Structures are given as C-alpha cells and as structure tokens.
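In case you want the letters, here they are:
4 protein chains.
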Amino acid sequence: MKIIILIHCPDQKGIISSVTGFIQNHSGNIVYLDQHVDKSANVFFMRLESDFENVDLELLEKNFNTELADKYAMQWSLHTDSKKPKMAIFVSKYNHCLYDLLSRFNSGELPVEIPFILSNHPDLKYVADQFDIPYHYIPFNKENRAECEKKQIALLKEYEVDFIVLARYMQIVSGNLINLYPDKIINIHHSFLPAFAGAKPYHAAFERGVKIIGATSHYVTEELDAGPIIEQDVTPVSHIHSISDFINKGRDLEKIVLSRAVKLHVHRKTMVYNNKTVIFS
Amino acid sequence: MKIIILIHCPDQKGIISSVTGFIQNHSGNIVYLDQHVDKSANVFFMRLESDFENVDLELLEKNFNTELADKYAMQWSLHTDSKKPKMAIFVSKYNHCLYDLLSRFNSGELPVEIPFILSNHPDLKYVADQFDIPYHYIPFNKENRAECEKKQIALLKEYEVDFIVLARYMQIVSGNLINLYPDKIINIHHSFLPAFAGAKPYHAAFERGVKIIGATSHYVTEELDAGPIIEQDVTPVSHIHSISDFINKGRDLEKIVLSRAVKLHVHRKTMVYNNKTVIFS
Amino acid sequence: MKIIILIHCPDQKGIISSVTGFIQNHSGNIVYLDQHVDKSANVFFMRLESDFENVDLELLEKNFNTELADKYAMQWSLHTDSKKPKMAIFVSKYNHCLYDLLSRFNSGELPVEIPFILSNHPDLKYVADQFDIPYHYIPFNKENRAECEKKQIALLKEYEVDFIVLARYMQIVSGNLINLYPDKIINIHHSFLPAFAGAKPYHAAFERGVKIIGATSHYVTEELDAGPIIEQDVTPVSHIHSISDFINKGRDLEKIVLSRAVKLHVHRKTMVYNNKTVIFS
Amino acid sequence: MKIIILIHCPDQKGIISSVTGFIQNHSGNIVYLDQHVDKSANVFFMRLESDFENVDLELLEKNFNTELADKYAMQWSLHTDSKKPKMAIFVSKYNHCLYDLLSRFNSGELPVEIPFILSNHPDLKYVADQFDIPYHYIPFNKENRAECEKKQIALLKEYEVDFIVLARYMQIVSGNLINLYPDKIINIHHSFLPAFAGAKPYHAAFERGVKIIGATSHYVTEELDAGPIIEQDVTPVSHIHSISDFINKGRDLEKIVLSRAVKLHVHRKTMVYNNKTVIFS
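Chains as they are written, first to last, in UniProt numbering: chain H, 1 to 281; chain Y, 1 to 281; chain A, 1 to 281; chain E, 1 to 281.
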C-alpha cells in the first residue's frame, strides 16, 4: 500500500531522522522524501511517500501521534491511494477549462471521481452530457443567493465531495462554503496575480499595456483573488494584440494552469501555511 | 543613407499607399515597413526604414510635412544613422545592470556614446574607471535635492545627452527632469508591473507567495512605476527560494530586460501613446 | 468583403508602393500589412488584409496579374472570408490533441468545417461521437497500405477537404498524399525539432538528460519530421521526471502547439519557402 | 561548520533513515535534504546540508565509510565551506560570457577564486586587466597543440585549479585534460542540445527555420557536445531574425545559462551518472 504523509511543524533538530526512523521501524520503505524549511517563518515541511505491506493503518496513526506528532507539535495528515477523491466542478458559461478537465479525466490523467458539475447557468449542460456527468443547474440572483448556496452545500454533502474546482465559475463563493472546504476550493484567475485581481483582468492588462499576460490558480479564501497561489504561468503579448486576442491566448493559459493545480492537489503535493503554498513537485 | 521615419496619426484610408508612394517619388527604397492600427483608440502607427542615395534631408522633411503630415494630422519624426545617440547612465549601488550595459557597449552591441555615469553614491566609481567613463558623484539629501537636480540637468545639457538609463538608480526622478526628457528616461523595475510597484518588490512577492517573478523596463513618467512598459520578462520561483534567492534570480532578469529596452529605444523601435508603447520588433 | 492577399517574389524596389497603390486604385482599404524580406535569400513576402465593398473578384485577380504579378514575378494567392476551409483530422489512439481541436471548434475558436475524422484504429470513435462528427475507420497493414491510401484520398476528394491535421496520427504519410496537399498537411511532433526526430522522442530526451522538452508543429514533407516548422514550444524538466512524466507534460505542449499552428494556417498567416515558414503574427 | 555530503548508490531500503541517523548521532543538524531515485537505473542520490559544531572531520569521514558507505556501496563526497574552489576560465575572442562571470565574481555572487584566465588568443587580455586577473596567452596551431596543452596542465597544477569554465573557448579539449578534470570542465554550447551540436549552431538553426533557439551548459566529455547537461534555456525567434539576430539573442542566453551552471557546480548541487545530471536546486 502506498502511503503519503504530509507534515508541518516548528523547525527543530532531529525531525527528519525521527520520521524516517519511525517509517523504518514500522517496516515501511520510503520511496520519496521532500522536505523544506521556511527559515523566515521557522516552519518545517515534509512530504513522505512510502510503501507498506500489510500495515495496520490505525496503529500506525496512533503511534505516529504518540511518538512524533506530540513531541514535535506536528500538524500532519495521512493519505492512501485506496480511494479516489471526489471532485465537483463549478462552471459558468466558458467551456474551455471544463473541456480540458473532462478530457483529461476521460484519458485517465486525473485519478478522481466527478460526481457532478454545477452551474448557475444552463449553458454548459451539453458538455456534461457529452461526458455523461450529472449537471446541476441552480440559478440564483441577489435575493435567493443564500438559499441557493444551501442547495449547493446539500449536493456537496450528499455526494461526499472532497474538493471543488471553480473552472471559470465567475461567482464569488461565500464564507460558509469556504469554511466547509478550507484549502479545498481551487480557482483559476485570468491574470498573473496579484496584478489585475477582480473583474475584467484582460481589459485591465490591455489598458496598462503589459507585455506579458498570465493566469493563476489558487485556493479560495474569503478575500477575493488573494488566496494561496498554487500555480502560475504567463505568455507574451504585444501591441498587436487586442483585448479579444488577450482573451484567446489567456484561455490556453487558464486551462493548463488550472489542470496543473488540480493534479498537484490530487497527488497531495500542496501544503498551505501563512496564505502561501509549499508545492512538492 | 538609412532613414527611419516614425509616424502616428488618426487612422484613415490611404495612409500606407500615400507614404510608400512618397518614399518612392523621392527615390527612396523601403527596406522595412511596420504598421499597426490600434482599433480601440483609432490610431495608426508606422515605422519605415528606407535607403536613400544623395537625399536632401531638409527638402524631404519639408515635402513630408506639406504632402503628408498636414493632410493626415501626423505626428512624425525622422532619424538617420549618421550620429550615435548620447546615453547617460544613472546608478546607485548595484552594479549588475551597469556592468551589463558597459560590457555590451564595449562589444559594440550598443551603438551609443556614453558621456558619463551619474550617481548619488560613490560606490560604483570603480566600474566606471574599469571602462574609462567619467563618473559624476552628486550626493544629495532631502534638503539639497532640488539643487542637486540642477547640477544633474546642467551636466545633461553640457554633454547634450539624448536619453537617460536608470540602471537601478533607486531614486525618484522629478517632474522637471521628466519634462526635459519625455519618453527618454528608461527605468528598470524589479517586478512584473503592475504587480509590486514601489519599494521592495521582491519582499512583497515573497510575502504573497507568487510562483513567478519578473522585471519591467518602462519610460519614466511622474506617476511612480506607472509609465509606458517597453519590455518585461519573468522567471519561475518556488517555495524553496528565499528573498535573497529572489533578488539573485531577479538580477539576471533586470539586466537582460533593461538592455533589451535600451536596444529597442536606440534602434527607434518604440513609439509611445496613451501611456502604452508600440514596439516594432 | 475582407480579402487577404499573400505574395512572395524576388526582392526589388517599389513593390510595397505598387501593391498598396493597386489596392487603393481598386477602392480597397488596407487593414493590415505585414511584410518581410529574407535578405539571405533575396525574397520579398507580403500579407495584406483589405476591406472591399462591391468588388469584382475576377477582375481584381485579372488586374493583379497584369499590373503586378507579371512585372514582379510574384507567386500570390487571394483568400476571402466567404467560405470556411474544410479540415480533416487524422488520429491514432491518443485523444488529447483531438479533444483540444474539437473543443475549440465547438467554442467557435476555429473557423473551419470538419467533414470527418479518420483513423487506422477504432479507439477514438467515441470522441467523434461525443462531438457528432463522422469517424472513418480505415485499418491497414503493410500489405494493404496503398489500397487504404486510395480510400483516404477518395474521402478527401469526396468531402473537398482543404487541409489535413495529423493530431498524433503516428503513421507516415505517403508522397502521393503529400503531393495532393502541399503545405496543407499539419503535423505535431513531440520534440523540439530538429532534436529527437523519428520515433519515441520522449524516451530519447530522457536518455540524453535534457532539461527542456518541446513540441513542434510543421507542414509535412516527404522527409520525416523535416518539413517547414510552423510553431514550437518547450517546458522545463528535471531529473525528477520519469519518461511518463515527460509524456504527460508533453501532451499539454502538443495540443497547444498544434492548435496554434492550425489557427495560423486557417487565418492565412503562414507562407512557405525554402523549407521554412514566414509566420505573420 | 557547514558540511555538504553527496551520495549515490544502488537503491535499497533504509538508506535515508540510516544516513539521517548517522548525522544525528554525530551531533549534526540537517539543514537541507534532497533525495532522488532514478527508478529506471535503480540508483539512489542524496544531497545533505548539515551544520556541525566542533566536528572532527577525519573521524566523521572514517565513521561514514565504516557505518554507511561500505554497507550501501556508496560513492560519496564531503564538502565544507572553509575553502573557496579555484576556477580557471578559458576563453577565445568573445567577451560576453567572460564579462558576465567576472562581474558576478566582483559582486560576490560567485564564491570562488579565479587564479587566471587562459586563451589561445590575445584579444581578451584587456578584460582580464580591467578586473586585475592574470591572463595567460598560449597560442597554438595543429603542430604544437600537444605541447601547449602541457603548458595548460602545468598552469592548472601550479595554481591548484579545482574546475575549469570554458566561456566560449571554441577549442576542443583533449582527453588528457578531461581525464584530469572529470565532471569538472563546464562548457557553454550555443544551441539547445542535442540539436545543432558542433560548429556554427546559429547558422544551422537559421537554415532549419526553428522558432526557438537555445543554449546548453554541460560537463565536457570526450564526445563533442555530448556530455551531461547541467542547464538549458531558450528564447523565441521568428522569420524576421537574421543569423546575426540569432547570435545577438543567443549571447544573452549563453551568459545566463553558463553562470547558472557555474553556480550550481560551485554550490555542489550537481551530481553526474550515466552521462546525465541530477541537479538539486
């Protein structure tokens, strides 16, 4: 059985040898170890991939707590590859990110289940139909927003969704939902944040006359477009490009950057602290 | 004789054929023609490189005004390769951009004259000495800033400086100087503007947890770090990089981006309007 | 009516003004002019986008030949936006490029018609079905290859296909087909050509220990992977990446690079000479 | 005292915990651990940065051999920061890489000593003079090549040179010299290897019509331009660029890529096996 352990704690002497010794004592074989110390914050991070035969998971967790977590004040989590995470996709009217995610899903590139796609518009139902995935159309306006969110949350609970991908959802997600899915809602913003946060970033980039545009995937927090950045990429532009050229070029960035972020999340390669990420590539 | 003509005017029918006909009627041979229309602003831009034998420059300019510029309400300028432009370099304490400019100058890569290097610190005099270029050390503080600027301007006039490069000058340039050199002062800012304008951009980028850092070269205007962007470039970073890693990686970006911008300016490949640039590559 | 004219001919004086004058005399308005001279080959290239009202196309072509093409020994072509080009897609077993093309097609990003998808494998029929596009499965082996090619050519003629996209087709195209579609068959090769031409480029790249992998889209010629390059892009790799990581990362390059090349071709922004391309962006 | 240990050996269970335990038992504190397994070759790699107070280096090395290296069949090396490595620079007539290295050296960015610069041409003596570094001019021709190499080797021995940087040296280095400095001669080649190995890569790239050019820094082996790649980078080009544009753009790549490779080598972040590198960033 493959086990991934993610750890962060105050930096101190001896953590690496204690953890690696623990794995060996429990007959695990370390396949990959990534470690990082943020010296300015004095925090230690570790991602450990190990192979175990016939492991008693419950006992392993108990011993880890007793022998390591308590001693080093660790926050930690353990993940196995026995169950695919459930990913809900929220969309609006743009289909490029959705198509990209679904075609990867179809190719086996994304080891997830997709219980449903959700939208406040009916426009992309045809894409969901193409891939035989349920499409929940929950329209809302200023008045019934809270009520609709309840429906969303009910769906997420019913399907035991593990994380949410906002594939150009274009709607602000409320604190209620964010608190239910901390560091588990992945958004794609169509600018190289922190430049051009908020609405119409391509228009703002065109106005400013930048020579490079970008896209940013980040975990959603209550402050708009200000959550921990998972992945960014950019592409050159010039005076010859109109706003609609920016939008076209940006689409290619958005879908690639979002898919990379989703893959990093699914493979447990992201850790969050201080509104930043550690990405173990 | 090689002649470069830069034109911009309201967009309208027939400009290209009128201008190219004019060149032909004056026995010029068009070597390169670059043209652009900003449809959102309805402005036409053109850069024309032509070869002329035995041309009467004065007559050419007079005819251009009569036959073309008046008719199309053109703003235009004519440049020959008979005289190298004079470039002053302003520095502070960082030597990487200065070394990069001077080594290119020494290799013949930059067709300019460098009458002097100017600084409010004595630190980089040794670099100027290495390359046998006069170094003017004009220290200043809050009290004598205006007076020192007068000295700067006197030097610029004395040496008939055509344009100024701020090679990590780290000082705010006053409106007086900017008005004397409109679209002729080139700065390098160590972020991908408009993100992280102002002081300590690498610290701010680290704090925000971006996955890409950048550098931006722009013409200086009165609003800090908000002038027309000439050139930008970026490089990936990750959680493993400290602020000092950002600074080190950034140095390589800064010097390359600044040198590219200086070359574009020297070869008359930049045009400015609406606080943006048209860059004819 | 929008008209695009592509010209190449030996470089000589006066071409630009003659052509732009011609357009004006025929009451056309030049919207965009791109021009290039390859000095080493002494060849002049031009792409001209013009707007015409009530133009007599036949007369325009006749006059162009008489007044310009004969005089300057031009090879030229004229394209209008009145008819969408017909694009056939040839595939094998990989679906990522096909999904990318079809989702762009569905979004209106690719102004083409897609009369059919063709393959020597049945594997991707489900994708064609998702998008309601006919799928022709023509299996072949060493013995019946020539015969199958006849079937392919019959289909291409029946549907009046204008150009062919090999979306990871993985088969060598014969000279017969290439001669029917000169500079009209677009391939994607999964390396930064000319490095790693031929089979299994990701394996070869891994073996060589490169730090960058790439993808190349090119027009197909009889020499394998040696045709005129339309578009290339790259992505960094490191020792941590296995061959299967290369393949995964490469997929994202392949689909983006191929789609960019297809768009350039569709918008008549490519010209071919000396086994190279001029790409008017 | 900071100690860096580099290890590679056949992959097997328990290595990480054994090594980290060893460091802890010797009162060292692990500051950074990087580890990699090449599964296709079944080789384990590790780079370990540790802090020690009052360590007996000789004893540490002896114990490492007894307790670890013998058991796991390790090849390993230990490096301290107590002595700066001595770097000789070989040049020909191009000054851009030399200027870049020396300006970084001058800024304290490269923690090395530079005992001398060596060339078969007198051209760059003025650069060496600018930076007060001895310049050895050893001209040679086909006849006296072997003799001259003896002089080179004598110099390298006299100054106890640790590694050699070929900063556009443009000469083939003999097997004698390579064997004296295995994985310790760093070259910069002006193409994205393996494309365009050998002479005149920019000419070949222009001829092929590529849309991207590159530079590659690698350790020198007896097969020309085929040694383990340390670092590569690329930049886009198009039909508008002439060979001399390629050369100009390439210069910026060459100097940045070479300097990055030199820094990686100096900081002991490179390991070589199977003609490839592991680069611990």
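Since the hints were made in silico from the structure, they are not lab data. All values reported here derive from a predicted model rather than from experimental measurement. Be aware that a few hints might be false.
Any copy will do: because identical chains look the same in the list, a pair fits if it lies in one copy or spans two.
Straight line, CA to CA, 30 Å or less: simulated DSSO-like cross-link-like pairs of lysine-lysine [to be verified]:
1. K39 x K142
2. K93 x K62
3. K84 x K13
4. K2 x K13
5. K13 x K125
6. K263 x K13
7. K13 x K93
8. K249 x K39
9. K249 x K62
10. K200 x K83
11. K263 x K157
12. K142 x K269
13. K62 x K13
14. K276 x K249
15. K249 x K150
16. K39 x K83
17. K93 x K263
18. K39 x K125
19. K263 x K276
20. K13 x K142
21. K71 x K150
22. K62 x K2
23. K249 x K83
24. K125 x K62
25. K2 x K249
26. K86 x K2
27. K39 x K151
28. K84 x K157
29. K84 x K142
Homo-oligomer pair classification [K93, K13; C-alpha up to 30 Å]: For K13 and K93, the Cα distance exceeds 30 Å both inside one copy (52 Å) and across copies (39 Å).
Intra- versus inter-subunit Cα pairing at 30 Å for K142 with K269: neither (37 Å within a copy, 46 Å between copies)
Same-copy or cross-copy closeness of K93 to K263 [CA-CA at most 30 Å]: both (23 Å within a copy, 23 Å between copies)
Copy assignment of K276 with K249, given that the CA separation must stay at most 30 Å: both (27 Å within a copy, 20 Å between copies)
Copy assignment of K71 with K150, given that the CA separation must stay at most 30 Å: Neither: 41 Å inside a copy, 61 Å across copies.
Intra- versus inter-subunit Cα pairing at 30 Å for K39 with K151: neither (44 Å within a copy, 45 Å between copies)
30 Å Cα threshold - placement of K13 relative to K84: between (36 Å within a copy, 28 Å between copies)
Alpha-carbon proximity between K39 and K142, which holds within one copy, between copies, both or neither at 30 Å: Neither: 46 Å inside a chain and 36 Å across chains, both beyond 30 Å.
Intra- versus inter-copy proximity for K39 and K249 (alpha-carbon distance at most 30 Å): Only across copies: K249 and K39 sit 19 Å apart there, 38 Å inside one copy, limit 30 Å.
Intra/inter-copy verdict for K2 and K13 if alpha-carbon distance must be at most 30 Å: both (27 Å within a copy, 15 Å between copies)
Status of K13 relative to K62 across identical chains (alpha carbons, at most 30 Å): both (23 Å within a copy, 24 Å between copies)
Alpha-carbon proximity context of K200 and K83, limit 30 Å: neither (39 Å within a copy, 33 Å between copies)
Comparing the model with each earlier hint shows violations of hints 1, 2, 5, 7, 9, 10, 12, 15, 18, 20, 21, 24, 27, 29; every other hint is respected.
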